[in-house]
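Given the coordinates of chain A, work out where chain B should sit on it, guided by the hints.
Number of protein chains: 2
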Amino acid sequence: MTATRLTGSDGEPALAILGPQATALVKELDRIFTGWGLADGAEEISAPPLFPVTDLEKFDVYTNFPHLAWVAGSLELTDDRFKPVAGKFGPGAVTEARYGLPHATCYGAYLFHEGGQVADDSLVTLVNRCFRNEDHYSGLRRLASFQMREIVALGSFDHTQEVLARFTGRIQSFATALGIELGREAAGDPFFQNDSGRALMQKLSPVKYEFQYGDLAIASVNTHRNFFGERCSIRLESGEHAYTSCVAFGLERWLAVLTEHFDGDLGAALDAVRSAGLDPVHTAVPDAVRTAAEPS
Amino acid sequence: MTATRLTGSDGEPALAILGPQATALVKELDRIFTGWGLADGAEEISAPPLFPVTDLEKFDVYTNFPHLAWVAGSLELTDDRFKPVAGKFGPGAVTEARYGLPHATCYGAYLFHEGGQVADDSLVTLVNRCFRNEDHYSGLRRLASFQMREIVALGSFDHTQEVLARFTGRIQSFATALGIELGREAAGDPFFQNDSGRALMQKLSPVKYEFQYGDLAIASVNTHRNFFGERCSIRLESGEHAYTSCVAFGLERWLAVLTEHFDGDLGAALDAVRSAGLDPVHTAVPDAVRTAAEPS
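Listed in order, the protein sequences are those of chains A and B. Sequential numbering from 1 applies to the first sequence in full-length UniProt numbering. Sequential numbering from 1 applies to the second sequence in full-length UniProt numbering.
The shape of chain A in the complex, shown without the other chains (with noise of 0.2 Å):
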């Protein structure tokens, strides 16, 4: 009882389901990168894996990613037409969706501190069940569901460029420690494209960088300016809306890099990560922090 075991619609391999020793891995990474936002002060909140649309359209998820997007709906009751068909629910089945699944983590974090105000240096940490409608699917490395956890940092602009800059160093040198080489690569993010003032910023000064094993993005750090701020109406003490950054690590896809790495071998690459998380060069935060929006 080891294996992971992929399921999906019409056989696509894009659920997979954890076996013993991949689920003691992701849990280990998981304490990991958690630990250190517990240690820069983060408070541990949790939030669901379901949104009502008119939570998630604040955040133009249904303009910026449409394609993305899974929504849920319950089953119209009447005329037997609850019983699915080949395996598939056609549309007059579904009753109108009124909720959406997420594809990021980092939304519970705006909507825990809707309405509200925090500190200049909040922080926040959370995982949960991410969601992407993708083209296709390919196990561990690209799922239907995934679990992401977050560092979400809140508070001034300053505050969420040296949270990033911080983790940009710790998850460098706990690639190092593991010997993994990540490459560090500006990203667009297609959460400003229906925002001219910030595509135009995003073009200037990227907002986005993966850490890439390969071509294979397992964790990212993510400047939003006052986006969520605003469409949250989160404010600092002195009144303005509160600026926010996320760095996130996709724990399924540490499992898929760990487990090539280590050729298959889960409990060799287990006892590496406990020797990484605990390296206390490695894991230390850079003397000399640099701010994420600056290339290495």
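Certain hints may be false.
One copy or two, either will do: identical chains are not told apart, so a pair holds if it fits within one copy or between any two.
[To be verified] Derived SDA-like pairs: lysine to any residue, alpha-carbon spacing no greater than 20 Å straight-line:
| id | residue 1 | residue 2 |
| --- | --- | --- |
| 1 | Lys-27 | Glu-43 |
| 2 | Lys-88 | Glu-57 |
| 3 | Lys-88 | His-136 |
| 4 | Lys-58 | Gly-115 |
| 5 | Lys-83 | Arg-231 |
| 6 | Lys-58 | Pro-13 |
| 7 | Lys-83 | Thr-95 |
| 8 | Lys-27 | Arg-141 |
| 9 | Lys-27 | Val-127 |
| 10 | Lys-58 | Glu-12 |
| 11 | Lys-88 | His-103 |
| 12 | Lys-27 | Ala-39 |
| 13 | Lys-58 | Asp-80 |
| 14 | Lys-88 | Asn-64 |
| 15 | Lys-27 | Leu-38 |
| 16 | Lys-88 | Leu-77 |
| 17 | Lys-27 | Arg-129 |
| 18 | Lys-27 | Thr-259 |
| 19 | Lys-58 | His-241 |
| 20 | Lys-88 | Glu-76 |
| 21 | Lys-88 | Leu-6 |
| 22 | Lys-58 | Ala-86 |
| 23 | Lys-83 | Glu-96 |
| 24 | Lys-27 | Glu-44 |
| 25 | Lys-58 | Phe-82 |
| 26 | Lys-27 | Ala-175 |
| 27 | Lys-88 | Thr-54 |
| 28 | Lys-27 | Arg-5 |
| 29 | Lys-83 | Asn-64 |
Hints in this document: simulated from the structure, not taken from any laboratory. Nothing here was measured: the structure is a model prediction, and the numbers come from that model.
Frame of chain A; chain B shown alone:
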């Protein structure tokens, strides 16, 4: 930053974003329940909160619980239909739904072992986000999405009953240590509504007991006989289909009960839970194990 935030379509209290204290309490409860399973030799696995309709259909989900079901689809990307209207996507906006959101955690355990062979005394534990389309919501007591920890026994019928008896004792002792009075009520299990032989068996001998605080069920023990073993072709060494049973803990409901019992003082609740979890008298396996199928 302490309170739990509720959100939902049309203002319903359908979803809870748990604040730091509530998150810590839920994690501690889950650690204790998981620990009971691990102490009995359970292996932990993890399943996604989304399954193909074809997988959930194996368990008669859409025949027995169509009213509870949430199903997920992607958006029709033509003609601007992907834009929600009044916070909702109408039937034409959602393409066919090939995935379903589980309303219980244990499905992942059967799908993990599908087509395989298990030892006569197998034990698995997992937690998942579950989803229920309820006719009304009432915050932590009745949510559209909540966390359910399960300990799932697979093997001989005797093994499945011994596990339920042990957990029955533990749940009752743990509640006593917390100063909480829990009723133990026989309940009908709609799993077997569609299966005349099993429905008859259910009338003769209850297959589900709920542990209730007032009228709120916060844990249950469930006997499935060989229903899931047959539906997922899980076999014992003898060649017989595996018997299964499960113990389920509704984590947000425990949080609701403890919030009420400790008058909203979640710090006191956490201290009490930690003490009760350590208590060797109350959490020990009772000497005389009674099978869960006999009312106390």
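Checked hints:
no.: 1; hint: Lys-27 - Glu-43; verdict: both (18 Å within a copy, 13 Å between copies)
no.: 2; hint: Lys-88 - Glu-57; verdict: between (27 Å within a copy, 10 Å between copies)
no.: 3; hint: Lys-88 - His-136; verdict: within (18 Å within a copy, 27 Å between copies)
no.: 4; hint: Lys-58 - Gly-115; verdict: within (13 Å within a copy, 45 Å between copies)
no.: 5; hint: Lys-83 - Arg-231; verdict: between (40 Å within a copy, 18 Å between copies)
no.: 6; hint: Lys-58 - Pro-13; verdict: between (32 Å within a copy, 19 Å between copies)
no.: 7; hint: Lys-83 - Thr-95; verdict: both (14 Å within a copy, 16 Å between copies)
no.: 8; hint: Lys-27 - Arg-141; verdict: within (18 Å within a copy, 28 Å between copies)
no.: 9; hint: Lys-27 - Val-127; verdict: both (11 Å within a copy, 12 Å between copies)
no.: 10; hint: Lys-58 - Glu-12; verdict: between (32 Å within a copy, 18 Å between copies)
no.: 11; hint: Lys-88 - His-103; verdict: between (22 Å within a copy, 18 Å between copies)
no.: 12; hint: Lys-27 - Ala-39; verdict: both (18 Å within a copy, 18 Å between copies)
no.: 13; hint: Lys-58 - Asp-80; verdict: between (36 Å within a copy, 18 Å between copies)
no.: 14; hint: Lys-88 - Asn-64; verdict: between (27 Å within a copy, 17 Å between copies)
no.: 15; hint: Lys-27 - Leu-38; verdict: both (16 Å within a copy, 15 Å between copies)
no.: 16; hint: Lys-88 - Leu-77; verdict: both (15 Å within a copy, 19 Å between copies)
no.: 17; hint: Lys-27 - Arg-129; verdict: both (14 Å within a copy, 16 Å between copies)
no.: 18; hint: Lys-27 - Thr-259; verdict: within (15 Å within a copy, 28 Å between copies)
no.: 19; hint: Lys-58 - His-241; verdict: within (15 Å within a copy, 50 Å between copies)
no.: 20; hint: Lys-88 - Glu-76; verdict: both (14 Å within a copy, 16 Å between copies)
no.: 21; hint: Lys-88 - Leu-6; verdict: within (19 Å within a copy, 32 Å between copies)
no.: 22; hint: Lys-58 - Ala-86; verdict: between (36 Å within a copy, 13 Å between copies)
no.: 23; hint: Lys-83 - Glu-96; verdict: both (17 Å within a copy, 13 Å between copies)
no.: 24; hint: Lys-27 - Glu-44; verdict: both (16 Å within a copy, 10 Å between copies)
no.: 25; hint: Lys-58 - Phe-82; verdict: between (32 Å within a copy, 15 Å between copies)
no.: 26; hint: Lys-27 - Ala-175; verdict: within (17 Å within a copy, 28 Å between copies)
no.: 27; hint: Lys-88 - Thr-54; verdict: between (26 Å within a copy, 8 Å between copies)
no.: 28; hint: Lys-27 - Arg-5; verdict: within (18 Å within a copy, 26 Å between copies)
no.: 29; hint: Lys-83 - Asn-64; verdict: between (33 Å within a copy, 11 Å between copies)
Hint check: no violations occur; every hint is consistent with the structure.
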